[in-house]
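Since the structure of chain A is provided, determine the placement of chain B on it from the hints.
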Amino acid sequence: MSLLDINSLYLDIDQPILRGVSLQLMEGEVHGLVGESGAGKTMVGKCVLGLLPHRARLGHGYINFAGTELLKLHGHERRELLGRDITVIPQNPMTALNPVKRIEPQIIDVLQLHLEMSAINAKRRALELMHDVHIREPECVLQQFPHELSGGMRQRVLIAIAFACKPKLIIADEPTTALDVTVQRQILRLIKELQANSNTAILFITHDLGVVAKICNRVSVIHSGRILESNSATELFLAPKHAYTRALLAATPRFDRPAAALHPVPQELIAALWAEAKAHDETKTN
Amino acid sequence: MALISIRDLSLALPDGSAKPLFGRAPLREILRNINLDIEGGECLGVVGESGSGKTTLGRTLLRLYEPTSGTIHFEGRDITHLSQSELRPLRAKMQMAFQDPQSSLNPRHRIEDILAQPLLAFQHVRNREEGREVAWQLLKRVGLTGEFGKRYPHELSGGQRQRVGIARTIALKPQFIVADEIVSGLDVSTKAQILALLRELKPENAQALMFIGHDLSVIRVLCDRVAVMRNGKIVEQGSCEQVFSHPQHPYTQELLMAIPLPDVDPDWVTREH
Numbered sequence: 001m002s003l004l005d006i007n008s009l010y011l012d013i014d015q016p017i018l019r020g021v022s023l024q025l026m027e028g029e030v031h032g033l034v035g036e037s038g039a040g041k042t043m044v045g046k047c048v049l050g051l052l053p054h055r056a057r058l059g060h061g062y063i064n065f066a067g068t069e070l071l072k073l074h075g076h077e078r079r080e081l082l083g084r085d086i087t088v089i090p091q092n093p094m095t096a097l098n099p100v101k102r103i104e105p106q107i108i109d110v111l112q113l114h115l116e117m118s119a120i121n122a123k124r125r126a127l128e129l130m131h132d133v134h135i136r137e138p139e140c141v142l143q144q145f146p147h148e149l150s151g152g153m154r155q156r157v158l159i160a161i162a163f164a165c166k167p168k169l170i171i172a173d174e175p176t177t178a179l180d181v182t183v184q185r186q187i188l189r190l191i192k193e194l195q196a197n198s199n200t201a202i203l204f205i206t207h208d209l210g211v212v213a214k215i216c217n218r219v220s221v222i223h224s225g226r227i228l229e230s231n232s233a234t235e236l237f238l239a240p241k242h243a244y245t246r247a248l249l250a251a252t253p254r255f256d257r258p259a260a261a262l263h264p265v266p267q268e269l270i271a272a273l274w275a276e277a278k279a280h281d282e283t284k285t286n
Numbered sequence: 001m002a003l004i005s006i007r008d009l010s011l012a013l014p015d016g017s018a019k020p021l022f023g024r025a026p027l028r029e030i031l032r033n034i035n036l037d038i039e040g041g042e043c044l045g046v047v048g049e050s051g052s053g054k055t056t057l058g059r060t061l062l063r064l065y066e067p068t069s070g071t072i073h074f075e076g077r078d079i080t081h082l083s084q085s086e087l088r089p090l091r092a093k094m095q096m097a098f099q100d101p102q103s104s105l106n107p108r109h110r111i112e113d114i115l116a117q118p119l120l121a122f123q124h125v126r127n128r129e130e131g132r133e134v135a136w137q138l139l140k141r142v143g144l145t146g147e148f149g150k151r152y153p154h155e156l157s158g159g160q161r162q163r164v165g166i167a168r169t170i171a172l173k174p175q176f177i178v179a180d181e182i183v184s185g186l187d188v189s190t191k192a193q194i195l196a197l198l199r200e201l202k203p204e205n206a207q208a209l210m211f212i213g214h215d216l217s218v219i220r221v222l223c224d225r226v227a228v229m230r231n232g233k234i235v236e237q238g239s240c241e242q243v244f245s246h247p248q249h250p251y252t253q254e255l256l257m258a259i260p261l262p263d264v265d266p267d268w269v270t271r272e273h
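Residue numbers (the numbering used here), protein chains in the order written: chain A, 1 to 286; chain B, 1 to 273.
This is chain A alone, in the form it adopts within the complex (with noise of 0.2 Å):
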């Protein structure tokens, strides 16, 4: 049975932005949702999140995760789950942590809200944590204020506290898009590091075609809030099957492939999508 079953989500922030979105996720899978801004790809983390805005208007679909009900949970039942069972890794560190907390506190925080440590155990899980993430000198870094740390530590850290409470389920909204391609690598190495050992699995955000490829088991495609293909990330990059797919990727520029092998998605393409994403809500509403 699969960990993360999203089946036929339908949502509606005063247009339509999901148009019967399904996804599978199994226990300790990486699995990779792309699309480009507007596809609705972060939507559907926020709806796993219950996150959405007070405007924003469900379907019938329904989000089930290790058999409880995510669309139907109260406030109180999901932020028990939300940083013990299923955390965030997000795109931006600067915003993520607190600017005038210490980083020790923010990471002891969540520890003693979900897993009831005492203070001195959380502290010493707290350094633990940062050993884990590889981080030099974590005492030191511990006392610091977020602003006195790099992009990639601050990632390091936030990362850390995605898996303190060692999560069945991480969403990662576009974690490495803010940063160099070099500290990218490292971050990405450590995410997967980190994923094996405790078999959780990721649902992990991005429009980048090359980090999908390097870290996730399987992959959907996501354009206007429809699934178009969903497939074992081996045979998706091999045989892509959607034109879409195949469109995305010829429009990925590679530094081992001549400048005339880039080709952008066609704007027909791009305009039949959308047609047909119209005609699917309006065989909705009739």
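Keep in mind that the hints are not guaranteed to be accurate.
Pairs of lysine-lysine, DSBU-like flavour, derived with a Cα cap of 30 Å [stated by the list, open to error]:
no. : chain 1 : residue 1 : chain 2 : residue 2
1   : B       : K140      : B       : K150
2   : B       : K150      : A       : K278
3   : A       : K166      : A       : K46
4   : A       : K278      : A       : K72
5   : B       : K140      : A       : K278
6   : A       : K101      : B       : K19
7   : B       : K93       : B       : K19
8   : B       : K173      : B       : K150
9   : A       : K123      : A       : K192
Everything labelled a hint here was simulated from the structure, so no lab data went into it.
Quick caveat: nothing in here was measured; it's all calculated off a predicted structure.
Frame of chain A, contents of chain B only:
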């Protein structure tokens, strides 16, 4: 002769983070002994990680900073220590495109006024009406319709704003453009569109372009030559062909290894080079 030629360029700026409570901040070397030539019509890519000084180099070439030592020649003229007023006529010939089009477009002005402003300032047009007409043509050149002129920056998507940024950069028909990470914030398909646009604009304008970025794949698509920077120094430069197929410096090899190509390779993350 090269359009731009710099010799032994060094720059030191006050380091705010090391400033003592009283007195002056100590100087920190940002650029060290840089030698570089850029020919007219050439596209040079500059890569390096954040903090390597690539943006500072671009800004120094445009004389937004005054170098500590070394020389900058533009069209054969020494511009290393020109004053602001002496630089002013040159400003139309060298332009910059910014990474973040959101913060580089005035949110209170319509797109057509943003584009007409440099034209008016350098008297390429006589009045606002004429400026707007040229703005419309510019918008068409970058793949937008003239109607976008009536809109405000916040009404545009990231890719559209970046197009407006490019339109403003080419408005004065400069000989030299510094493009600082202009595709870094964009997603795959928008990035490919902007790269296609830049490639399309290249032959018709015949200006030199210095393209700053950290993604070597993007540089391969666009540039003729590439310079790799680390700690304020150029560690390797050469034609794209040569650098990409036979990288000499270990740092260049490391950068190339770090790029995730869209080919499935589960060992990539753990592999040491």
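Against the structure, the hints:
no.	hint	result
1	K140(B) to K150(B)	holds (14 Å)
2	K150(B) to K278(A)	holds (28 Å)
3	K166(A) to K46(A)	holds (21 Å)
4	K278(A) to K72(A)	holds (28 Å)
5	K140(B) to K278(A)	holds (28 Å)
6	K101(A) to K19(B)	holds (24 Å)
7	K93(B) to K19(B)	violated (37 Å)
8	K173(B) to K150(B)	holds (23 Å)
9	K123(A) to K192(A)	holds (25 Å)
Hint 7 alone, counting from the list given before, is not met by this structure.
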